[in-house]
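These protein sequence lines map, in sequence, to chains S and P.
Residues 1 to 426 (the UniProt record's numbering) are what the first sequence spells out, left to right.
Residues 1 to 426 (the UniProt record's numbering) are what the second sequence spells out, left to right.
Some hints could be false.
In this list, chains with the same sequence are indistinguishable; a pair is considered to hold if it fits within one copy or across any two.
[What the hints assert, rightly or not] Simulated pairs of lysine-lysine, DSS-like, Cα-Cα distance not exceeding 30 angstroms:
| no. | residue 1 | residue 2 |
| --- | --- | --- |
| 1 | LYS368 | LYS333 |
| 2 | LYS326 | LYS357 |
| 3 | LYS357 | LYS71 |
| 4 | LYS333 | LYS357 |
| 5 | LYS390 | LYS357 |
| 6 | LYS251 | LYS284 |
| 7 | LYS71 | LYS157 |
| 8 | LYS368 | LYS251 |
| 9 | LYS284 | LYS157 |
| 10 | LYS326 | LYS271 |
| 11 | LYS24 | LYS251 |
| 12 | LYS390 | LYS24 |
| 13 | LYS284 | LYS368 |
| 14 | LYS128 | LYS390 |
| 15 | LYS271 | LYS157 |
| 16 | LYS333 | LYS157 |
Don't read these hints as lab results, they were simulated from the structure.
As the structure is a computational prediction, the values presented were derived from the model and not from experiment.
One letter stands for each residue in the lines below.
Number of protein chains: 2
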Amino acid sequence: MTGNSTHRVVIVGGGFGGLMAAQKLAGSGLDITLIDRRNHHLFQPLLYQVATAALTTSDIAWPIRSLVRGKNDIKTLLGSVAGVDKEARQVILEDGARVPYDSLILATGARHAYFGHDEWEPNAPGLKTLEDATAIRRRLLLAFEQAEREPDEARRKALLTFVIIGAGPTGVELAGTIVELAEASLRGEFRNIRPEEARVVLIEAADRVLLNFVPELSAYALEALRKLGVEVELGHAVTEIDPSGVVYGGKRLETKTVIWAAGVQASPAAKWLGVESDRAGRVKVNPDLTVPGYPDIFVIGDTALALRADGRPVPGVGDAAKQGGKHAAATIKARVAGETPPTFVYKHAGDLATIGKRAAVIDFGWLKLKGFLAWWVWGVAHIYFLIGVKNRLFVSITWLLQLLSGRRSARLITQGDASGRWEHRP
Amino acid sequence: MTGNSTHRVVIVGGGFGGLMAAQKLAGSGLDITLIDRRNHHLFQPLLYQVATAALTTSDIAWPIRSLVRGKNDIKTLLGSVAGVDKEARQVILEDGARVPYDSLILATGARHAYFGHDEWEPNAPGLKTLEDATAIRRRLLLAFEQAEREPDEARRKALLTFVIIGAGPTGVELAGTIVELAEASLRGEFRNIRPEEARVVLIEAADRVLLNFVPELSAYALEALRKLGVEVELGHAVTEIDPSGVVYGGKRLETKTVIWAAGVQASPAAKWLGVESDRAGRVKVNPDLTVPGYPDIFVIGDTALALRADGRPVPGVGDAAKQGGKHAAATIKARVAGETPPTFVYKHAGDLATIGKRAAVIDFGWLKLKGFLAWWVWGVAHIYFLIGVKNRLFVSITWLLQLLSGRRSARLITQGDASGRWEHRP
Numbered sequence: 001m002t003g004n005s006t007h008r009v010v011i012v013g014g015g016f017g018g019l020m021a022a023q024k025l026a027g028s029g030l031d032i033t034l035i036d037r038r039n040h041h042l043f044q045p046l047l048y049q050v051a052t053a054a055l056t057t058s059d060i061a062w063p064i065r066s067l068v069r070g071k072n073d074i075k076t077l078l079g080s081v082a083g084v085d086k087e088a089r090q091v092i093l094e095d096g097a098r099v100p101y102d103s104l105i106l107a108t109g110a111r112h113a114y115f116g117h118d119e120w121e122p123n124a125p126g127l128k129t130l131e132d133a134t135a136i137r138r139r140l141l142l143a144f145e146q147a148e149r150e151p152d153e154a155r156r157k158a159l160l161t162f163v164i165i166g167a168g169p170t171g172v173e174l175a176g177t178i179v180e181l182a183e184a185s186l187r188g189e190f191r192n193i194r195p196e197e198a199r200v201v202l203i204e205a206a207d208r209v210l211l212n213f214v215p216e217l218s219a220y221a222l223e224a225l226r227k228l229g230v231e232v233e234l235g236h237a238v239t240e241i242d243p244s245g246v247v248y249g250g251k252r253l254e255t256k257t258v259i260w261a262a263g264v265q266a267s268p269a270a271k272w273l274g275v276e277s278d279r280a281g282r283v284k285v286n287p288d289l290t291v292p293g294y295p296d297i298f299v300i301g302d303t304a305l306a307l308r309a310d311g312r313p314v315p316g317v318g319d320a321a322k323q324g325g326k327h328a329a330a331t332i333k334a335r336v337a338g339e340t341p342p343t344f345v346y347k348h349a350g351d352l353a354t355i356g357k358r359a360a361v362i363d364f365g366w367l368k369l370k371g372f373l374a375w376w377v378w379g380v381a382h383i384y385f386l387i388g389v390k391n392r393l394f395v396s397i398t399w400l401l402q403l404l405s406g407r408r409s410a411r412l413i414t415q416g417d418a419s420g421r422w423e424h425r426p
Numbered sequence: 001m002t003g004n005s006t007h008r009v010v011i012v013g014g015g016f017g018g019l020m021a022a023q024k025l026a027g028s029g030l031d032i033t034l035i036d037r038r039n040h041h042l043f044q045p046l047l048y049q050v051a052t053a054a055l056t057t058s059d060i061a062w063p064i065r066s067l068v069r070g071k072n073d074i075k076t077l078l079g080s081v082a083g084v085d086k087e088a089r090q091v092i093l094e095d096g097a098r099v100p101y102d103s104l105i106l107a108t109g110a111r112h113a114y115f116g117h118d119e120w121e122p123n124a125p126g127l128k129t130l131e132d133a134t135a136i137r138r139r140l141l142l143a144f145e146q147a148e149r150e151p152d153e154a155r156r157k158a159l160l161t162f163v164i165i166g167a168g169p170t171g172v173e174l175a176g177t178i179v180e181l182a183e184a185s186l187r188g189e190f191r192n193i194r195p196e197e198a199r200v201v202l203i204e205a206a207d208r209v210l211l212n213f214v215p216e217l218s219a220y221a222l223e224a225l226r227k228l229g230v231e232v233e234l235g236h237a238v239t240e241i242d243p244s245g246v247v248y249g250g251k252r253l254e255t256k257t258v259i260w261a262a263g264v265q266a267s268p269a270a271k272w273l274g275v276e277s278d279r280a281g282r283v284k285v286n287p288d289l290t291v292p293g294y295p296d297i298f299v300i301g302d303t304a305l306a307l308r309a310d311g312r313p314v315p316g317v318g319d320a321a322k323q324g325g326k327h328a329a330a331t332i333k334a335r336v337a338g339e340t341p342p343t344f345v346y347k348h349a350g351d352l353a354t355i356g357k358r359a360a361v362i363d364f365g366w367l368k369l370k371g372f373l374a375w376w377v378w379g380v381a382h383i384y385f386l387i388g389v390k391n392r393l394f395v396s397i398t399w400l401l402q403l404l405s406g407r408r409s410a411r412l413i414t415q416g417d418a419s420g421r422w423e424h425r426p
């Protein structure tokens, strides 16, 4: 917003990509503005642990402005973007304010998508924000509470049936953790129901779980899920979701709790820019992550469709967003310095997913791991990626106590109707 | 709900009083049902620390059913009470379910009250539940975010003015902590404002703060507050609260954030019972905490008006509720055993309040403390009263880190409008 000649970079989104870009640009003599509609950076890979009452919200979220505290060339703004004026080079906020830029980085992520069935959302919430996580936690815990008070057996069974749609990492991790919530954490605390008898059903349209892994690890994960007690239904697309159940493969399953982990839709960055997007709403970007025709605009992370040299898309994972942020920052710095910008080459670090607290699958390409050792590697890696000593310490202790006792510390039903009614439901 | 001849005790409310009653009754061969509309017990004395982003929700709240996990004679129900059928001896829940009792303990607490000005609530929220705390946290943090983006100086000043109404322990603790939030935690993180210039105004109708303490400690607390930078306005009742300010003593103060800590109203237990209550809605109980004419119904804690031998009321503090719960449990056990019930004699343990993180006042009657030593005693006492090793450890570490660095770990704006608009406000 200053009128001087310093090159102004505006970054929209304080997730993995945007935050990385801001950190890499800091100290380069540029005028950096980081805009997010949330005040916090979120470590999404552990969001399912908040949804299942294992971790608390502040374990995996940090105020963005505290993360760039010492970097005086970064200005953090809480605001929602409504559009981009590409000609005037201004980001337009919802309240009408305009933030001018010389370079723009859009790193606004994705939300869950219902493939044309938006009417399913109230009955099958997805998991992308802290509020999503506490809402799912409320539903899970309320289902057990209501089952305890339900005299009708069929309705009690429906309350104790939990359906997860989509067997990617989030779906697999949720399914495993819900079984453990019921079996280890809630066992022995109810008088009319046995929480360990809860059914957890994981429905996947493809013919295997964890499609992004090699088939061998998918097979192991399937076996580990079934051993935990998860009912895995492969090769069935869900065709109906209503307040009392789901239909898949022609079968109806009565359930009061459905979680959606089956697909994502990019943020409306393509609409703000008025440019081409794919079916998932992702902006089709050049190999250097800029928007065709607008070399001053970068789109990175889940909201971009970037193709690798072999034609495969860069995957929608946190590490790809970070690499994108790093690349955009380096390109802007090189341009300002009059140097040749680097070429973007995405390096896939690997895929990780846990199945409960005893097993995981890891595919680093050069190294494939499964089982309890993989679970430890996963745990250590995730603690490493958390920010700050305190969060690492608290999450480590929490996981250790859970491993030993099965108890969960964040089993709070909040923001819901205290009478036990479903929010959003008739 | 069983039809056998075991004496059935129903306890409504899982706060300090109800939980104590349940724990004392457990193992006595009775059939105990504990009903709460929340699934968690809350350590209310530290709620102001959640509201000011120092602690996170799960630090001070525990699932009620996990607290009575091993006690198989206690059944925990999540439900809202709608009434009591005194003749049929049944508690009526909101969904129409009826829970029969032989003895009933109502321990349903209090909410904040606006002395006939309920229209003030949207502009001056109170602090009694976890949701209240996260809502106040959101308002406090949003005010700084909005001030950072506000070009108009007068409006920026109003955004950076925080008003607390009522200088009891909650009001005093909030005022001191908000100053520290601004001065120690947010300092250096903004570019357009200086958070440490925020004004914190504490308004009290009486002529001193902390009325429940001896005047000497009130005077010390006043001095400590002023030293911290809190503007204390004594002897002024607030006469108007609207979305843009408050009026007290004929003066208008422009502010966007008002917190109400000036009065409470008992839960509607008197209405459920159809019995006499005082102006604050408290049920006037016999010296043994039973309801006149209904020796099988006890009302304890903040929702009861119990008089001590000298005619002074038992105060509305957590320890009084615990003593009430203990007494009701002992009385029921004695009656079932055919023994003489004990007499209730309230013993006042003392009063504690902190002023920021460097000072506190403590009045144990036989011992009066103030200053940094009192703050340590307060801290140790509160950690002792938390439940579980993990919570004690986490709160200790959090406080220690805050004492050293001033940083706060739970600075999350959640459940609010991401665009930065006020919820509840036009």
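Here is what the structure says about each hint:
Neither within a single protomer nor between protomers do LYS368 and LYS333 lie at most 30 angstroms apart by alpha-carbon distance, with minima of 37 angstroms and 62 angstroms respectively. Neither within a single protomer nor between protomers do LYS326 and LYS357 lie at most 30 angstroms apart by alpha-carbon distance, with minima of 33 angstroms and 40 angstroms respectively. Taking identical chains as interchangeable, the C-alpha atoms of LYS357 and LYS71 lie at most 30 angstroms apart only when they sit on different chains, with a minimum of 28 angstroms there against 38 angstroms within one chain. In this assembly of identical chains, LYS333 and LYS357 lie within 30 angstroms of each other by CA distance neither inside one copy nor across copies; the values are 43 angstroms within and 44 angstroms between.
Both within a single protomer and between protomers do LYS390 and LYS357 lie at most 30 angstroms apart by alpha-carbon distance, with minima of 22 angstroms and 20 angstroms respectively. Taking identical chains as interchangeable, the C-alpha atoms of LYS251 and LYS284 are never at most 30 angstroms apart, the minima being 38 angstroms within one chain and 59 angstroms between chains. When the C-alpha separation of LYS71 and LYS157 is checked against a cutoff of 30 angstroms, the pair qualifies only between copies, where the shortest distance is 25 angstroms, while the shortest distance within a copy is 55 angstroms. For the identical chains of this complex, LYS368 and LYS251 are neighbours neither inside a copy (36 angstroms) nor across copies (71 angstroms), given an alpha-carbon limit of 30 angstroms.
In this assembly of identical chains, the alpha carbons of LYS284 and LYS157 never lie at most 30 angstroms apart, being 46 angstroms within a copy and 45 angstroms across copies at closest. For the identical chains of this complex, LYS326 and LYS271 are intra-copy neighbours only, at 25 angstroms inside a copy versus 63 angstroms across copies, given an alpha-carbon limit of 30 angstroms. Taking the shortest alpha-carbon separations for LYS24 and LYS251, neither the intra-copy value of 52 angstroms nor the inter-copy value of 50 angstroms comes in at or below 30 angstroms. Taking the shortest alpha-carbon separations for LYS390 and LYS24, only the intra-copy value of 24 angstroms comes in at or below 30 angstroms, while the best inter-copy value is 37 angstroms.
Taking the shortest Cα distances, LYS284 and LYS368 never come within 30 angstroms of each other, neither inside one copy (32 angstroms) nor across copies (70 angstroms). In this homomeric assembly, LYS128 and LYS390 come within 30 angstroms of each other (Cα to Cα) both inside a single copy, at 24 angstroms, and across copies, at 28 angstroms. For the identical chains of this complex, LYS271 and LYS157 are neighbours neither inside a copy (44 angstroms) nor across copies (37 angstroms), given an alpha-carbon limit of 30 angstroms. Taking identical chains as interchangeable, the C-alpha atoms of LYS333 and LYS157 are never at most 30 angstroms apart, the minima being 59 angstroms within one chain and 37 angstroms between chains.
Hint violations for this structure: numbers 1, 2, 4, 6, 8, 9, 11, 13, 15, 16, all remaining hints satisfied.
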